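Chains as they are written, first to last, in numbering that gives the first Met the number 0: chain A, 0 to 477; chain B, 0 to 301; chain C, 0 to 212.
In case anyone wonders, no lab produced these hints; they're calculated from the structure.
From a predicted model like this one, the values you see are computed outputs, not experimental measurements.
Beta carbons: idealized from backbone N, C-alpha and C, even for Gly.
Be aware that one or more of the hints could be misleading.
Some residues of chain C that are not near chain B, with every Cβ distance over 12 Å (derived) [to be verified]:
(1) L13
(2) H46
(3) I53
(4) G54
(5) V58
(6) L70
(7) H79
(8) A102
(9) L111
(10) L209
Looking from chain C toward chain A, a few residues come up when the C-beta cut is under 7 Å (computed) [what the hints assert, rightly or not]:
(11) I40
(12) Y87
(13) G89
(14) I157
(15) G161
(16) L164
(17) D179
(18) N192
(19) H193
(20) E197
(21) M206
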Amino acid sequence: MLFALVLLPLLGALIALIVPDNRLRPLILPVIASIHLVLAALLLGNTPGPSAGGWIWLDPLGKITLLSISLLFTVCAYYAVGYLAYRQERSNKILCMGLLICLAAMSLVTVSQHLGLLWVALETTTVSMAPLIYFNRNARSIEATWKYLMLCSVGIGLALLGLFFLAYSTFLAHHDATLLLGPLMASARDLNPSWLHAATIFLLVGYGSKMGLAPLHAWKPDAYGEAPGLVGALLAGGLVNCAFLSILRVYQICLASGIEIQFFQKALIGMGLISMAFAAVFMARQADFKRMLAYSSVEHVGILAIGLGLGKGALYGALFHLLNNGLTKGVLFLSSGNIHRSYSNKTTDVVKGVLTRLPWSGGLFLAGFIAITGSPPFSPFISEYTIVSSAFIEGRHWVGGLFLLFLAIIFIGMALTVLPMVMGAPPADIEPTDYRDKLLTVGPPLFLMGVILLLGIWPPSFLVTLLQDGAVMLGAQP
Amino acid sequence: MIDILIHCALALLMPPLLLGVIAKTKAAFAGRVGAPYFQPYYDLIKLFRKGSVFSVTTTWVFRAGPVITLAATLIAALLVPLGRHAAPVSFSGDMILFAYLFGLSRFFTTIAALDTGSSFEGMGAAREVTFSCLAEPTLFFALITLARMSKSLTLSTILTHPTPANWLTAGASMLLLVGALFITLLAENSRIPFDDPTTHLELTMIHEAMVLDHSGPAFGIILYGAALKLFVLGAVFANIALPVATGNSFADWGIFIASMLGLAVTIGVVESVMARLRLVRIPQLLVGATILSAFAMLLVLR
Amino acid sequence: MSAFADQLLVLVMLINLVMLGTSRLLFCIRAVALQGVILGILPGLIHPISGHLIGITAVIILAKGVVIPYLISDAVRKAHIRHEVEPYLGYVPTLLLGAVFTALSFAFAETLPLAPEHKDLLFIPASIATLLTGFLLLTTRRKAISQVIGYLVMENGIFVFGLLLSEAMPVMVEAGALLDLLVGIFVMGIVINHISREFSSIDTSRMRTLKEE
């Protein structure tokens, strides 16, 4: 069953390669995605044991990530059918294939218990997403694609070196180099400290650059800004989650080693705060609303890192935030994609009065903005509140204080971009486009908004248990 | 005693033969018969029989230049071990003296050139000084590496230390050193690819430009001094590149003479197959040679 | 045998320095290919012969020595370029910086303890030096092709270290890593082609439109 998670989207990619009709091809996406979601739900219910010699297993952390990825992908898949109906001027073969291969790779990330396999899967997601950023085929998007490809590949390469260091430290310890998570955690105390330290640094830098932690986030604004909204949603919700899972695995090993965890936590908090600071500074006066969403992603990656670095009570918040951030970014990116299609422009000097011109997409964008900046009753409020309150409870007043300060600045900065966009009247001289809010382009983000609202008011008990199990794996007291 | 005599005889008499061999090799490549092997000797004899003409703008520096250059090179020749025999003069730290004797000779050649007040000499002097500034670290790194390997600061010990066994264990360093030293050899002696000794266009000259104004015996001294410098540096190179030591003294001398002639042929071959580099590329090549010898030093110091 | 491995690693580090100093792109590509071939030979020198080893050797030599250089040369040919334009940092300073990095990597390697059978081998200095050389090439060169070559050199550096583990690492992971590299280079080649068509050049300093105002 676990293999089916990975093989099914690959089969879908093969079908997408074969189908010649540009109109029919997008239909593969929701079909495969729905089956994938059902599979994931079944696996969450009754999890099979480890297979392939312990390489493949779905543990609670993997389950959380799988849930968020699968849900987001399904919603995006339905959206894609509506969106691609408007973009028939281009062939969507590469887009469909890339999306499905990426889903396969992301699923593999969630089930790998072998760090080498995890790395291979993560690199596959990098490479498979690169052509998708270039969907719009203009000079800006090729520049964005190049930066993304170069920076992410270099980062992943450094992560590989970190993995090799880790394997070598096990080789030194007991002459049996292994990268399986279980044995690594079991022997973590015996690992040579200098090798482990070097490995941690490289892994943090490598996976951090993939996730978009400042100061390694330089590719994010360009890549998210130029990619179509659909691709941006998967980058911000899917790839970030996968990269975060990789960092969680490193966290588990550091926790088991006893001494390394202090450094790792400090580094995470430091990078998290720097990310929020970068986001706060650059979000102000951001005229391009897609770049603004990229900086919002940097901010939330920072929040995830801070939650992880604080440990204890904040771990629940960080894991919950993984889910919330992915879904909310989905809403934001999908609706921003609609707005871009409607106005043929993505800067705020042209885009005004969205609520009037596109009531549904504008409303969703506004609601998404309110959710992502942490307002109740939406779920990001709960996760961010958990992290901040845990910071103050543990006595980390500076961290908590800075966290709140940056959140406030980001709220103001984002509002300065979003509110003029959605309020007011559309400019009179805008050229008419044939985009109208349709069910397929509005329904999916609306559904996501509903999920976020539900999670904020009444999180289902299975989810709460799952998150608590995940937090225990990371060292929280049950 | 015999060894010292042979050493002095070789050092005094062999250098012009090297120039002759190089010229013959180049002629062979060009399909010509070329000048006889002993042509440089005939040239020297011819020059020494001529009278001198000194420009009125020059001072004593101009006359002293060639003499001091030759004197410094002769002392260096006494410091270098030829073949596998110890040098006539050796003491701890003489490798520093060795390097700076060449510095002294270069200094006097340069100021003698500047003394004439001619623009061509000045240009040649400026170029020569720049390039030798880049070539000197190479020599020093090489000497330091060899000193570290043989754990001594005496030139005789350093240069007689490399044996085929050494080559196998520290092969990489030795190869790097050989490469770096060969480049330095070509650079210090103004051979292609750094400088064309047969050019007659002043703007392309480096070394030749500096000696444009010398004539008669002074020019003869300069020519002989240049050949002696090639001989001395070539002997250093041969000691490292061909570390063959039979026990027999005369066999070693024979091997040494053969290796020097072989080196001359090699230089001739290099001169025939390459063109002179553009002046902007020369610093890059010299820095590359420095890095090679620094790398060799790094490997040995580890 | 391991002494010979040392000499080969010295050759790898030399190739790094050569690549830093040259501006001819096809020569750079051949140098990277030669590095890849040496990396393929190295496991045979330090690990006992086995079927797994022979397989890995063949695959590495094929992938790094033949296929990847072919992909890049293809991209070079399609973009009609031969030389790197003046890089952000001149050739001589780059060369000196590369030499400094090599020296630093020797110093750094002293701090990491090695297993007894790997002691005194040059794997760690060679790995870090190659990694840093790749970084230098990646960050200081303007042409996209040179950046890809820098990325390859970086991967070679990481691979050098991985060779110490080739007995212990499972085939799947090595194969997966190599495959990812191959596909990555393939995609990069295609992107370079698009860049060349879009900008009529692959000088990345022309790609300056995306930045903060």
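Right, here's what the structure says about each hint:
Taking the minimum C-beta to C-beta distance to chain B, about 7 Å, the non-interface status of C/L13 is violated against the 12 Å cut. Residue placement check: C/H46 keeps its beta carbon more than 12 Å from all beta carbons of chain B (closest about 21 Å). The Cβ of C/I53 lies farther than 12 Å from every Cβ of chain B, with a closest approach of about 27 Å, so its non-interface assignment holds. Every beta carbon of chain B lies more than 12 Å from that of C/G54, the smallest distance being close to 29 Å; the non-interface claim holds.
Non-interface call for C/V58 relative to chain B: holds, since the shortest CB-CB distance, roughly 27 Å, exceeds 12 Å. Separation of C/L70 from chain B is adequate, the least Cβ-Cβ distance of about 29 Å exceeding the 12 Å criterion. The Cβ of C/H79 lies farther than 12 Å from every Cβ of chain B, with a closest approach of about 25 Å, so its non-interface assignment holds. Annotated as non-interface, C/A102 brings its C-beta within 12 Å of a C-beta of chain B; the closest such distance is 6 Å.
Even its closest Cβ contact with chain B, about 14 Å, leaves C/L111 beyond 12 Å, as expected for a residue assigned away from the interface. With a least CB separation of 35 Å from chain B, C/L209 remains clear of the 12 Å interface cut-off, as annotated. Annotation: C/I40 was flagged as interfacial toward chain A, and the flag is violated, the nearest CB pair being 19 Å apart, outside 7 Å. Hint status for C/Y87: violated, given a least beta-carbon distance of 15 Å to chain A, over 7 Å.
This hint is violated: C/G89 has a C-beta 22 Å from the nearest C-beta of chain A, more than the 7 Å allowed. Residue-level restraint check for C/I157 holds (minimum Cβ-Cβ distance to chain A is 5 Å; threshold 7 Å). The restraint placing C/G161 at the interface with chain A holds, with a minimum CB-CB distance near 5 Å, inside the 7 Å limit. The closest approach between the C-beta of C/L164 and any C-beta of chain A is roughly 5 Å, which is under the 7 Å cut-off, so the hint is satisfied.
For C/D179, the interface hint holds, since its Cβ comes within 7 Å of a Cβ in chain A; the closest pair sits about 4 Å apart. A least Cβ separation of about 10 Å between C/N192 and chain A goes past the 7 Å threshold, and the interface hint is therefore violated. Evaluation of the C/H193 hint against chain A yields a held restraint, the C-beta minimum of about 5 Å falling below 7 Å. A least Cβ separation of about 5 Å between C/E197 and chain A falls short of the 7 Å threshold, and the interface hint therefore holds.
For C/M206, the interface hint holds, the least distance from its beta-carbon to any beta-carbon of chain A being 4 Å, beneath 7 Å.
Checked against the numbered hints above, the structure breaks hints 1, 8, 11, 12, 13 and 18 and satisfies the rest.
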